[in-house]
Amino acid sequence: MNDIATNTDLTGHNVEGGFNVDLIRRDFPILSREVHGKPLVYFDSGASAQKPRAVIDAMTQVLEEDYTNVHRGAHYLSQTLTDRYESVRGTIARFLNAPTEEEIVITRNTTEAINLVAATYGREFLSKGDGVVISDMEHHANIVPWQLLRDEIGIELKVAPIDDRGVLDMDAYADLLDGNTKLVSITHCSNVLGTMVPGKEIVRLAHNRGIPVLLDGSQAVVHSKVDVQDLDADFYVFTGHKLYGPTAIGVLYGKAELLAQMPPYQGGGDMIATVTYEKTTYQEPPYRFEAGTPPIVEAIGLGAAIDYVSAIGMDKIAAHEKALLAYATERLTAMPDVRLFGSAPEKAAILSFVQDGIHPFDTAATLDRAGVAARVGQHCAEPLMARLGVDGTVRASLAMYNTTGEIDIMIAALERARSLFG
Amino acid sequence: MMAIAAEKMAQYEEYVEALDLLDEESRFEYIIDIGKRADKTPFPADCMDDAHLMHGCMSKVWIIHEIEDGAHHFRGQSDAIIVKGLVSMMTGSFSGLSSEELAEITLDHVRGLNLGALTMQRQVGMMAMLKHMQKLSQRAERSPDTLRAAD
Ligand SMILES: Cc1ncc(COP(=O)(O)O)c(C=O)c1O
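Heads up: the protein sequence lines correspond to chains A and P, in order. Residue 117 in my numbering is what sits at position 117 of the first sequence, and the numbering runs on without skipping anything. Just remember that my numbering sits 1000 ahead of the position in the second sequence, which is counted from 1.
Since the hints were made in silico from the structure, they are not lab data. A few of these clues could be false.
Lysine to any residue pairs mimicking SDA-like chemistry, simulated, CA-CA at most 20 Å apart [unchecked claim]: (1) K1060/P to F421/A; (2) K1036/P to R418/A; (3) K1040/P to G422/A; (4) K1036/P to G422/A; (5) K1060/P to E415/A; (6) K1040/P to G389/A; (7) K1060/P to G389/A; (8) K1036/P to K279/A; (9) K1131/P to Y1012/P; (10) K38/A to E1024/P; (11) K1060/P to G357/A; (12) K38/A to K1131/P; (13) K158/A to G179/A; (14) K38/A to K1060/P; (15) K1040/P to K316/A; (16) K1036/P to F421/A; (17) K1036/P to L420/A; (18) K316/A to T404/A; (19) K38/A to E1029/P; (20) K1036/P to D356/A; (21) K1040/P to L420/A; (22) K1036/P to E415/A; (23) K1060/P to M385/A; (24) K38/A to F1043/P.
Which residues of chain A face chain P? A few of them, derived with a C-beta cut under 7 Å, are [to be verified]: (25) Y327; (26) R331; (27) M335; (28) D362; (29) A365; (30) S419; (31) F421.
Note that beta-carbon positions come from the ideal geometry of N, C-alpha and C, so glycine has one too.
Working from the sequences, and respecting the hints, build out all of it.
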């Protein structure tokens, strides 16, 4: 069954193998609004993407017509909604090309997915002195859970460096896979620099030493086609709201044999098999890791978002974004006062920059006046900011619904900032 | 509630009147102008330290506090021009008051500047500056020695 797919009428979106951004834009109601009297230019999809009508409608439809709790009722509504909720697991599994849907754990977001792995796999299989390798361009979500584990059991955090283009230093990475390293947890795409990390090679090198790998796909799933079997990743995590889906839902993919060995994360309803005061037994994965009422409506929304991007085609989205990235890079590098961070050959449409002599906050405030929503600050990646030698940057993170015309608006606003603050 | 003498609020009223005449876009440029003008008045570099740093801002804000004949005077600095404009409007508006008078300044005064039209977050930032100034003045009156040390 797939009720959700019926909400995704994309006839005509892909013209002649191309990509019709005007039609795409019409699917996103918010894009027709104005900010400060100017059309909204939404360049903050890296923080959270806007939602297409298909997602909004799917969630509204459940709430209006089909809503109840799942996994707990013999009644009609509960059974049909449980089926539908569970079918989303299959949608997610196909999206990631996971072998089975039992390997898909529903979480609250990426942050919870990584904390889950640290708290269960970490506590079970790591011990004092063991090394966990991360990179120099992690989001705090892939730093702090490991620091908590370090403080608790005494693991060692090892950081693989990047070069000045923002490319992971693979030799240094390989060197870190020495004696004590027991886990690798690395971003598949940097939320600040846009760098696409060679996930497959990361995994291959680690597996040569018998070391499992977690990839943080929060940004990567949005900008490219991800295949967890091809990557051979042991864990792969992402968050729904950046993939045009709702907030409060995330995904942990874990290989079945690993999930099977991991203890529960939180205790409560839904995750148990039997409970007596003396002894409780737990469900099999993935349910073992999903205590309490899950994000039901959000799961339906995420399913609709995945159906939506899949119907358009991740390759088409990636091609459109690649063209946007090339155009934005050309325009920004032509501005003498703009310093762009991140020039990896494999890069997603994320542009971090500063204007010489202008505080990023002032730049972003001027962009805001022009209706351009960009992020300013440290982007939850303070260690990376230190590595780049800046207090913060302005970040324009582009998505499938952005246009070259919008990039022109941003450039004009940057020129205005130059004249206002220069 | 005690009334604050009108002449002590002259600078504040001037800002209120000036901003009232402007549309949103011009307000934005007005704040930048104030920020740039403030940039020309030197702020002692050795005061751009942790002791004078106000926490919880998107950009850095430093505030110097001095007392003269029971009146509290403030000078502000920020690394972003817009924030420098905002902080100097706050320090300009609310310097020269006693700590009791300063305690009477509320969100309504901040709202009166009409900058809330820009964004809520900015208004929250201005309130944080006000609270910080109130705290500095009260702390100084409780223990004048700490003040001198911090200066
Ligand atoms: C690379 C990366 N990892 C993790 C996260 C955290 O995502 P969430 O806040 O949804 O858990 C983000 C989002 O900001 C991200 O970009």
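Each hint tested on the structure:
no.: 1; hint: K1060/P to F421/A; verdict: holds, 17 Å
no.: 2; hint: K1036/P to R418/A; verdict: holds, 14 Å
no.: 3; hint: K1040/P to G422/A; verdict: holds, 14 Å
no.: 4; hint: K1036/P to G422/A; verdict: holds, 10 Å
no.: 5; hint: K1060/P to E415/A; verdict: violated, 24 Å
no.: 6; hint: K1040/P to G389/A; verdict: violated, 27 Å
no.: 7; hint: K1060/P to G389/A; verdict: holds, 16 Å
no.: 8; hint: K1036/P to K279/A; verdict: violated, 69 Å
no.: 9; hint: K1131/P to Y1012/P; verdict: holds, 17 Å
no.: 10; hint: K38/A to E1024/P; verdict: holds, 13 Å
no.: 11; hint: K1060/P to G357/A; verdict: holds, 16 Å
no.: 12; hint: K38/A to K1131/P; verdict: violated, 34 Å
no.: 13; hint: K158/A to G179/A; verdict: holds, 12 Å
no.: 14; hint: K38/A to K1060/P; verdict: violated, 29 Å
no.: 15; hint: K1040/P to K316/A; verdict: violated, 52 Å
no.: 16; hint: K1036/P to F421/A; verdict: holds, 8 Å
no.: 17; hint: K1036/P to L420/A; verdict: holds, 10 Å
no.: 18; hint: K316/A to T404/A; verdict: holds, 16 Å
no.: 19; hint: K38/A to E1029/P; verdict: holds, 17 Å
no.: 20; hint: K1036/P to D356/A; verdict: holds, 16 Å
no.: 21; hint: K1040/P to L420/A; verdict: holds, 16 Å
no.: 22; hint: K1036/P to E415/A; verdict: holds, 18 Å
no.: 23; hint: K1060/P to M385/A; verdict: holds, 16 Å
no.: 24; hint: K38/A to F1043/P; verdict: violated, 37 Å
no.: 25; hint: Y327; verdict: violated, 28 Å
no.: 26; hint: R331; verdict: violated, 24 Å
no.: 27; hint: M335; verdict: violated, 19 Å
no.: 28; hint: D362; verdict: holds, 5 Å
no.: 29; hint: A365; verdict: holds, 5 Å
no.: 30; hint: S419; verdict: violated, 11 Å
no.: 31; hint: F421; verdict: holds, 6 Å
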